[in-house]
Amino acid sequence: MATSAIRAGALVTLQELNPSSPNFKQGASFRVTGKLQEYNLETSIAVIVDGDASLKVDTQHLKLNLRSGSIYQFIGELHIEPSNEAILKARVGRNVDGLDINLYRQTLRLLKDFQAEQINA
Amino acid sequence: MQALYNTHVKLLAFDFLALSPNPKDLSSFSRKGTPLSRAESVGVVVTRDLKPGKFLRFTIDDGTGCIPCVLWLNQLTSSYFSKRNPSGVRLNAQMALKFASEIQLGVVARVRGRITGYRGLVQITVSDVVLETDPNAQVLHWLDCVRLARKCYGKFCKSCS
Numbered sequence: 001m002a003t004s005a006i007r008a009g010a011l012v013t014l015q016e017l018n019p020s021s022p023n024f025k026q027g028a029s030f031r032v033t034g035k036l037q038e039y040n041l042e043t044s045i046a047v048i049v050d051g052d053a054s055l056k057v058d059t060q061h062l063k064l065n066l067r068s069g070s071i072y073q074f075i076g077e078l079h080i081e082p083s084n085e086a087i088l089k090a091r092v093g094r095n096v097d098g099l100d101i102n103l104y105r106q107t108l109r110l111l112k113d114f115q116a117e118q119i120n121a
Numbered sequence: 122m123q124a125l126y127n128t129h130v131k132l133l134a135f136d137f138l139a140l141s142p143n144p145k146d147l148s149s150f151s152r153k154g155t156p157l158s159r160a161e162s163v164g165v166v167v168t169r170d171l172k173p174g175k176f177l178r179f180t181i182d183d184g185t186g187c188i189p190c191v192l193w194l195n196q197l198t199s200s201y202f203s204k205r206n207p208s209g210v211r212l213n214a215q216m217a218l219k220f221a222s223e224i225q226l227g228v229v230a231r232v233r234g235r236i237t238g239y240r241g242l243v244q245i246t247v248s249d250v251v252l253e254t255d256p257n258a259q260v261l262h263w264l265d266c267v268r269l270a271r272k273c274y275g276k277f278c279k280s281c282s
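Here the protein sequences line up with chains A and B, keeping their order.
Under the numbering used here, think of the first position of the first sequence as 1, with each following residue one higher.
Under the numbering used here, think of the first position of the second sequence as 122, with each following residue one higher.
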């Protein structure tokens, strides 16, 4: 059957969004998760971090009460600026404090393996 | 072969979207030869289009794909329900309105319903909605889907052996 018009936010870690990654594509849709490090109220730009990786997230379309130190998940499109810096234009977002991050990472790997196995079957 | 037919089968979106319609029975879809009629999915609500008194169309994104869903809100006006018990129909209408108010952009919803086709797309015609507030609910659903697909659904699959 045909596919849905809206693209799913592919599940990635922030480490997988560096400029040398195949995921680093203008307009690609992603679901990202990280701890809120900083938030600029005037520009609505948030910075989330996961280990040594970080990502800017444009939250202007969201009605979220952002708190530094909390964990957030965003779905949106990657916008790559001329300086080669990436910013995720978020469509939706939510607080995921309490998420078991290690289980989340392991499950993403399992899901990718399962999808590859089903597609190749 | 019919063991899963009336079960709400937990499926990842990419797996759900690959279901094929049964040409002999329009109410039935198949996954690798196994007939299915109902599905359960968990995902983030990413689109919402309300037609008051008619239906709510929405999409849930589980990270592997986007599943179109329709929640009917016409129980009190459609002739389809006119021969049914009026108190039951009123109850269904109230539940549907409650679900529609809960489905908002960004929430994580567990959705159950019938697998149907609309304009060439496979979708869920929703009968139940539960909002998930536990941040681990999506992860646990993914793990359930993978485990069931590997250990359970294959047992009913003609083309997998």
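Simulated from the structure, these hints should not be mistaken for lab results.
From a predicted model like this one, the values you see are computed outputs, not experimental measurements.
Hints may be right or wrong, so weigh each one.
Said to hold, decoys possible - The calculated EDC-like cross-link candidates involving lysine to aspartate or glutamate, where the alpha carbons are at most 16 Å apart (straight line), are: (1) 272(B) - 85(A); (2) 112(A) - 249(B); (3) 35(A) - 50(A); (4) 56(A) - 97(A); (5) 89(A) - 117(A); (6) 219(B) - 265(B); (7) 153(B) - 117(A); (8) 56(A) - 16(A); (9) 56(A) - 77(A).
What the hints assert, rightly or not - From the structure, some residues in chain B lie toward chain A, with a derived Cβ separation under 8 Å: (10) 125; (11) 136; (12) 167; (13) 173; (14) 176; (15) 180; (16) 186; (17) 214; (18) 218; (19) 234; (20) 252; (21) 257; (22) 260.
Cβ coordinates follow ideal geometry from the N, Cα and C atoms, glycine included.
We went through each hint and held it up to the structure:
no. : hint            : result
1   : 272(B) - 85(A)  : violated (43 Å)
2   : 112(A) - 249(B) : violated (29 Å)
3   : 35(A) - 50(A)   : holds (6 Å)
4   : 56(A) - 97(A)   : violated (19 Å)
5   : 89(A) - 117(A)  : violated (31 Å)
6   : 219(B) - 265(B) : violated (27 Å)
7   : 153(B) - 117(A) : holds (14 Å)
8   : 56(A) - 16(A)   : holds (14 Å)
9   : 56(A) - 77(A)   : holds (12 Å)
10  : 125             : violated (17 Å)
11  : 136             : holds (7 Å)
12  : 167             : holds (6 Å)
13  : 173             : violated (22 Å)
14  : 176             : violated (17 Å)
15  : 180             : holds (6 Å)
16  : 186             : holds (5 Å)
17  : 214             : violated (28 Å)
18  : 218             : violated (23 Å)
19  : 234             : violated (16 Å)
20  : 252             : violated (11 Å)
21  : 257             : holds (6 Å)
22  : 260             : holds (5 Å)
This entry does not satisfy hints 1, 2, 4, 5, 6, 10, 13, 14, 17, 18, 19 and 20, going by the numbered hints stated previously.
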